[in-house]
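Protein chains: 2
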Amino acid sequence: MKISILKNQLVQAIQNVHKAVSSKSTIPVLSGIKMAADEQGLHFTATDLEIGIETLVPTLIDDEEIVQVKEAGAIVLSARFFGEIVRKLPGKTVEIEVKQNYLTIIRSGKTEYNLHGLDHEEFPRLPQVADNQVFSVQSDILKDMIRQTSLAVSTEEIRPVLTGVVFALKNGNLKFVATDSHRLATRESIVEAPPELEFANVIVPGKALNELGRLLADDDSLVDVLVSENQVLVKMGLTKFYTRLIDGQYPDISRIIPSTFKTGLTVNTKELQGSIERASLVAKENDNNLVRFNIKHNRLEITSNSPDAGKYSEPIDEIEVTGDELVIAFNSKYFLDALRVIDSPDILIEFTGSMSPFLIKLPDNPRYLHLILPVRIY
Amino acid sequence: MKISILKNQLVQAIQNVHKAVSSKSTIPVLSGIKMAADEQGLHFTATDLEIGIETLVPTLIDDEEIVQVKEAGAIVLSARFFGEIVRKLPGKTVEIEVKQNYLTIIRSGKTEYNLHGLDHEEFPRLPQVADNQVFSVQSDILKDMIRQTSLAVSTEEIRPVLTGVVFALKNGNLKFVATDSHRLATRESIVEAPPELEFANVIVPGKALNELGRLLADDDSLVDVLVSENQVLVKMGLTKFYTRLIDGQYPDISRIIPSTFKTGLTVNTKELQGSIERASLVAKENDNNLVRFNIKHNRLEITSNSPDAGKYSEPIDEIEVTGDELVIAFNSKYFLDALRVIDSPDILIEFTGSMSPFLIKLPDNPRYLHLILPVRIY
Numbered sequence: 032m033k034i035s036i037l038k039n040q041l042v043q044a045i046q047n048v049h050k051a052v053s054s055k056s057t058i059p060v061l062s063g064i065k066m067a068a069d070e071q072g073l074h075f076t077a078t079d080l081e082i083g084i085e086t087l088v089p090t091l092i093d094d095e096e097i098v099q100v101k102e103a104g105a106i107v108l109s110a111r112f113f114g115e116i117v118r119k120l121p122g123k124t125v126e127i128e129v130k131q132n133y134l135t136i137i138r139s140g141k142t143e144y145n146l147h148g149l150d151h152e153e154f155p156r157l158p159q160v161a162d163n164q165v166f167s168v169q170s171d172i173l174k175d176m177i178r179q180t181s182l183a184v185s186t187e188e189i190r191p192v193l194t195g196v197v198f199a200l201k202n203g204n205l206k207f208v209a210t211d212s213h214r215l216a217t218r219e220s221i222v223e224a225p226p227e228l229e230f231a232n233v234i235v236p237g238k239a240l241n242e243l244g245r246l247l248a249d250d251d252s253l254v255d256v257l258v259s260e261n262q263v264l265v266k267m268g269l270t271k272f273y274t275r276l277i278d279g280q281y282p283d284i285s286r287i288i289p290s291t292f293k294t295g296l297t298v299n300t301k302e303l304q305g306s307i308e309r310a311s312l313v314a315k316e317n318d319n320n321l322v323r324f325n326i327k328h329n330r331l332e333i334t335s336n337s338p339d340a341g342k343y344s345e346p347i348d349e350i351e352v353t354g355d356e357l358v359i360a361f362n363s364k365y366f367l368d369a370l371r372v373i374d375s376p377d378i379l380i381e382f383t384g385s386m387s388p389f390l391i392k393l394p395d396n397p398r399y400l401h402l403i404l405p406v407r408i409y
Numbered sequence: 032m033k034i035s036i037l038k039n040q041l042v043q044a045i046q047n048v049h050k051a052v053s054s055k056s057t058i059p060v061l062s063g064i065k066m067a068a069d070e071q072g073l074h075f076t077a078t079d080l081e082i083g084i085e086t087l088v089p090t091l092i093d094d095e096e097i098v099q100v101k102e103a104g105a106i107v108l109s110a111r112f113f114g115e116i117v118r119k120l121p122g123k124t125v126e127i128e129v130k131q132n133y134l135t136i137i138r139s140g141k142t143e144y145n146l147h148g149l150d151h152e153e154f155p156r157l158p159q160v161a162d163n164q165v166f167s168v169q170s171d172i173l174k175d176m177i178r179q180t181s182l183a184v185s186t187e188e189i190r191p192v193l194t195g196v197v198f199a200l201k202n203g204n205l206k207f208v209a210t211d212s213h214r215l216a217t218r219e220s221i222v223e224a225p226p227e228l229e230f231a232n233v234i235v236p237g238k239a240l241n242e243l244g245r246l247l248a249d250d251d252s253l254v255d256v257l258v259s260e261n262q263v264l265v266k267m268g269l270t271k272f273y274t275r276l277i278d279g280q281y282p283d284i285s286r287i288i289p290s291t292f293k294t295g296l297t298v299n300t301k302e303l304q305g306s307i308e309r310a311s312l313v314a315k316e317n318d319n320n321l322v323r324f325n326i327k328h329n330r331l332e333i334t335s336n337s338p339d340a341g342k343y344s345e346p347i348d349e350i351e352v353t354g355d356e357l358v359i360a361f362n363s364k365y366f367l368d369a370l371r372v373i374d375s376p377d378i379l380i381e382f383t384g385s386m387s388p389f390l391i392k393l394p395d396n397p398r399y400l401h402l403i404l405p406v407r408i409y
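In order, the protein sequences belong to chains A and B.
So the mapping is simple: the working numbering equals the position in the first sequence, first residue as 1, plus 31.
So the mapping is simple: the working numbering equals the position in the second sequence, first residue as 1, plus 31.
What the hints contain is simulated information worked out from the structure, not anything from laboratory work.
Hints should not be assumed to be uniformly reliable.
Copies of the same chain are indistinguishable here, so a pair counts whether it falls within one copy or spans any two.
[Said to hold, decoys possible] DSS-like mimics (lysine-lysine), calculated; alpha carbons at most 25 Å apart, straight line:
no., residue 1, residue 2
1, K38, K101
2, K38, K174
3, K238, K301
4, K342, K101
5, K33, K206
6, K342, K119
7, K55, K238
8, K101, K315
9, K266, K130
10, K55, K141
Using the sequences and the hints, build the whole thing.
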């Protein structure tokens with residue numbers, strides 16, 4: 032293999048695949064990035080066997096030569112050394128040449144590195160994903176769906192299914208659900224799919240989705256999602272993202288979400304976020320970051336206290352309250368997590384009593400729903 | 032005590048004294064910040080008994096009311112809670128009122144905190160420093176002197192004197208020296224001092240100097256430095272910084288610094304820094320980050336290698352070399368530390384053989400000197 036490539040494109044490609052590199056595998060080749068040069072350009076692959084990322088830097092972009100392939104071939108280089116080295120190279124272009132025994136020469140400006148590479152034949156092939164179950168979705172919408180649900184996945188391995196976000200598709204409506212059994216987030220969106228395409232219980236690991244979210248562009252370009260029994264493959268332009276799925280049956284959440292409410296209020300998102308953040312400062316010493324709402328007509332009072340630090344109180348006046356007065360307590364971390372991924376200026380909160388889960392809804396987006404379980408106060 | 036203060040001034044004052052708060056003291060009051068209100072304004076003090084910082088927020092700045100003292104008094108509040116709370120307060124002004132049992136009410140906008148305070152009488156008084164040994168120096172120069180020497184202090188407690196920077200003053204010339212016995216940094220500057228004022232062996236802890244460096248403004252305002260037997264006090268406008276000194280006799284370094292050299296070269300600072308950084312990427316696996324210089328006439332070649340990763344080489348051509356050819360190896364971390372605090376476009380390096388310490392000098396500032404011990408190569 033012998034190629035030259037623009038440095039900024041090389042840096043970007045490594046950065047794209049880098050998160051799939053295994054950080055603790057005992058298989059040496061998995062701590063590397065595979066590069067393969069052919070007539071299309073330079074292909075980069077990394078995988079930790081849970082997720083895999085593949086990207087192509089093409090020979091030409093808009094008639095500008097990006098990669099020049101002087102000799103086809105492939106090599107695996109240590110992601111740690113290679114990534115650090117490439118970022119620090121002094122020149123505008125980088126030449127990579129593989130010699131005998133996987134010795135790889137990297138030249139840029141007057142700099143020359145001789146790196147020990149690994150046999151690309153030992154690098155695992157990424158799985159083939161059948162393309163009979165495919166839908167398309169706007170990149171920024173998929174990114175948003177991930178952001179608004181993945182925060183609610185469980186970090187505990189006791190119930191593996193809860194460490195993922197469950198995907199379901201019906202009548203062109205894609206639905207994401209995640210819950211760690213203390214809170215639940217759902218988000219839906221209409222996508223481009225064949226009318227008969229339908230699936231459910233596709234459980235994608237939360238960690239994989241966070242990496243995917245990082246790769247997704249914040250624009251309206253279309254992304255193809257291929258769903259198979261064991262894998263999901265997401266195609267974003269020249270980059271492909273694979274993840275294995277989580278085995279098991281996701282719990283039925285339909286009965287958890289209340290359909291009526293006894294107390295409802297509309298409040299400014301940022302104002303409420305600021306107040307709960309201030310309340311949480313003196314709620315830290317408690318195991319569950321307990322913050323209280325005292326809801327009266329036209330008034331929401333936020334309070335917290337800690338035996339060590341002291342107490343906090345702040346009213347938000349002149350808000351729209353319907354239904355009963357209520358006192359309710361909750362883990363402020365869960366509420367703040369939810370508020371941080373909401374872009375709407377106002378939120379609706381619907382309560383059905385101080386011991387029942389309450390709902391956070393968006394006036395301008397009925398496709399988003401967040402549920403939080405309160406904490407019993409004695 | 033009852034006062035009101037502009038929030039941004041309160042945040043700034045807490046930030047100024049915060050680094051002197053003890054993070055692991057068993058004396059509760061030392062984890063707090065003392066506030067005292069009098070006719071001057073609001074005084075803030077923090078100390079961990081090693082260093083102490085005191086700052087005053089005056090009642091007026093340029094005729095604008097900053098602090099309004101409604102009732103004089105004092106209180107100690109937990110630095111952790113108080114600092115976090117103040118940053119998040121919603122209003123432009125903050126009202127602080129101390130009630131019975133040190134209960135302290137903090138109000139801003141509609142927010143109200145009730146914090147448990149501590150008795151200010153239990154807070155240690157900062158030491159009195161005699162003002163018979165005083166000199167004045169520009170704030171930015173003192174900051175620079177600290178930056179260029181403190182990097183060479185030892186982090187090992189075996190020889191406590193080496194964990195400090197030693198100050199000496201003679202004929203109005205202030206000199207800082209630091210060494211960890213692998214490298215040595217010195218920096219001198221003319222300061223404003225009485226002609227007869229002279230001292231030596233004033234060993235200031237490196238950690239304290241780094242905190243002082245953070246507080247020093249990057250401008251030409253004058254700073255007063257009071258030197259006593261056990262303490263140094265630095266007065267910067269309304270802020271005072273105290274530190275205890277390190278007991279003991281600093282080693283005589285005068286014989287360590289070579290006065291002649293056999294090989295000399297002038298090289299561009301950034302170009303050399305870039306090359307040593309690139310070299311150090313594959314020198315990491317070695318215990319001592321070994322990088323080699325191969326100096327020929329008009330040419331400096333920088334190389335490194337690691338059994339795991341591979342090797343690096345890069346020439347810097349057309350440089351000015353005088354004297355003998357030379358091969359020398361050194362710990363690249365020490366060289367990079369020195370280069371990072373040099374602002375001059377070029378440096379001079381003077382060698383006296385591959386086993387002797389070499390010097391880094393600045394063509395435009397004879398008052399700076401850095402010495403590095405080479406590593407033996409077999």
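Here is how each hint holds up against the structure:
| no. | hint | result |
| --- | --- | --- |
| 1 | K38 to K101 | within (17 Å within a copy, 64 Å between copies) |
| 2 | K38 to K174 | neither (28 Å within a copy, 38 Å between copies) |
| 3 | K238 to K301 | neither (28 Å within a copy, 40 Å between copies) |
| 4 | K342 to K101 | between (70 Å within a copy, 24 Å between copies) |
| 5 | K33 to K206 | neither (46 Å within a copy, 55 Å between copies) |
| 6 | K342 to K119 | between (51 Å within a copy, 15 Å between copies) |
| 7 | K55 to K238 | within (16 Å within a copy, 36 Å between copies) |
| 8 | K101 to K315 | neither (60 Å within a copy, 32 Å between copies) |
| 9 | K266 to K130 | neither (33 Å within a copy, 64 Å between copies) |
| 10 | K55 to K141 | neither (34 Å within a copy, 50 Å between copies) |
Violated hints, in rising order: 2, 3, 5, 8, 9, 10; the structure is consistent with all others.
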